[in-house]
Structure formats: C-alpha cells, structure tokens
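*Asks:* Sequence:
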Amino acid sequence: MSWASIHGDVPVFDAGRFAWIDTVEGQWLGVRQELEQVMRHREAMPNFQQILPQVGKIQKDDQWKTFFLKGVGMDCRDNARRCPQTMALLEQIPHCSTAFFSILSPHKQIPPHRGAWAGVLRLHLALIVPEPRERCRIRIADQLHLWEEGRCLVFDDTYNHQVWNDTEGYRVVLFVDFARPLRWPVSLFNHWLLSLAALAPFLREANQNQLAAEQSFRRSLGDRAGTRDPGR
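Position 21, counted from 1, in the sequence shown is what my numbering calls 1245; the numbers after and before it change by one each time, with no gaps.
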C-alpha cells in the first residue's frame, strides 16, 4: 500500500505537507482544556488492553490509559459529548478513523512494536509533555523524536517503534489514525477496506468493551446525563 503513497514511503512525515495541520495545531489549547477536565478522573479510564485485548501483547499493566472519542465500528458518543472542541478539531482531519487521548504514566515504557496496515497514518498531537522533555521520546525506525506541546507528529506505524516516558509526569497525546493519502485507484480500494474493517470480530468486541468502559466512567462520576436511552 505504501508504494502508492502521495507523500512517499518514509517512517516520519513532514507535518507541513498536510494542509490541515496548521488548523489542528491552532486549536490545541481547546483540546488541552477538555483533556484536563477528563484527566481529573484518570483512574476511571480504561487501560488500552481493556478496549483492544490485542494490545495486551505489549501492554499488561494499568499505566497506559485511554479515552476513546472515535474508532472504527465504535460508539463513543458519551465520551465525545464531553469534548466538543476536540470533536470539532477531528472534523478537520480528512478520513479520520480513530481518535483517543493516550495517557502514559510516569516511567511507563512501550516495547518495540509495529502496526499491520499501511493504509492509515498516525498522528500525535502533543497535549502534555512532562519535563525534562528529552526523557519523554518515541523511536520510529531509526529516528528518535521528542514531542512538543501543541505540535503534530505524523508517522507510519508499520515501522517498528517504541516509547519511553522516563519522567515523573504524565505524557498525553491526542492519538489519531487517518486514511493515508494514496493515488487513485488505490485510494478507492483503501477506503473500501477501511469501511469493511468495522465488521471484523475484534473491532466488534472493542465496541462492546468501549460501551462498558463508558458506562463505568459515568458511574464513577455519578453522571446520569450520559445515560443512553434504553429504547435505542
């Protein structure tokens, strides 16, 4: 799939090549404010592997929390309503398929791993980067990168990558997958495959896990406003 990429086959992309990046970065403070509200209840958030059990291959503890806003085949309405500015920002990203707050605890490391599908690219909008910044980093292929608050990092997650947060603070990014810009007709084929992905059993399971996580989050807040209409 990467051979048809409009922006080439590289581990990390020049974010300036995506026309909408400036718009996204220009709205980051509003996203940060919404994050700070939900971060008050970090302990009530699900661990990543509680949503996607496959993540358990690289993540087994409770030091990588998630707050899903969008996912292939996933219903994230309750979370989304808490973050209207973030949802408006996601509308600026063409063909955004997945988005969540990715929260790493102090001294959390994610071992080397790689994604399976080159039809999407990954974006990290850095929201909280603890000091010292050089001790909070990501390796993608043979490149080492530091996050910078308010800036986007765009990369191909099919390249081997790993993460270190060797600080005393939480590292938080808005984690986004969006359809890779591809030449026609490969782009058409890619969008078709992405639309079919919602039917995959593991994503159906993820949706059920997400619904349960939202219900648990509501209970922890004593929040009745987000309760779904049982007739739906």
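Each hint should be verified, as a subset may be incorrect.
As the list claims (entries may be wrong) - Taking lysine to aspartate or glutamate and the EDC-like style, the derived pairs with C-alpha atoms no more than 16 Å apart in a straight line are:
| hint | residue 1 | residue 2 |
| --- | --- | --- |
| 1 | LYS1294 | GLU1267 |
| 2 | LYS1332 | ASP1238 |
| 3 | LYS1332 | GLU1392 |
| 4 | LYS1332 | GLU1315 |
| 5 | LYS1332 | GLU1355 |
| 6 | LYS1332 | ASP1286 |
| 7 | LYS1332 | ASP1285 |
| 8 | LYS1294 | ASP1390 |
The set of hints was computed from the structure by calculation and includes no laboratory data.
*Asks:* Each hint: holds or not?
*Replies:* We went through each hint and held it up to the structure:
no. : hint              : in the structure
1   : LYS1294 x GLU1267 : violated, 20 Å
2   : LYS1332 x ASP1238 : violated, 27 Å
3   : LYS1332 x GLU1392 : holds, 10 Å
4   : LYS1332 x GLU1315 : violated, 31 Å
5   : LYS1332 x GLU1355 : holds, 14 Å
6   : LYS1332 x ASP1286 : holds, 10 Å
7   : LYS1332 x ASP1285 : holds, 10 Å
8   : LYS1294 x ASP1390 : violated, 29 Å
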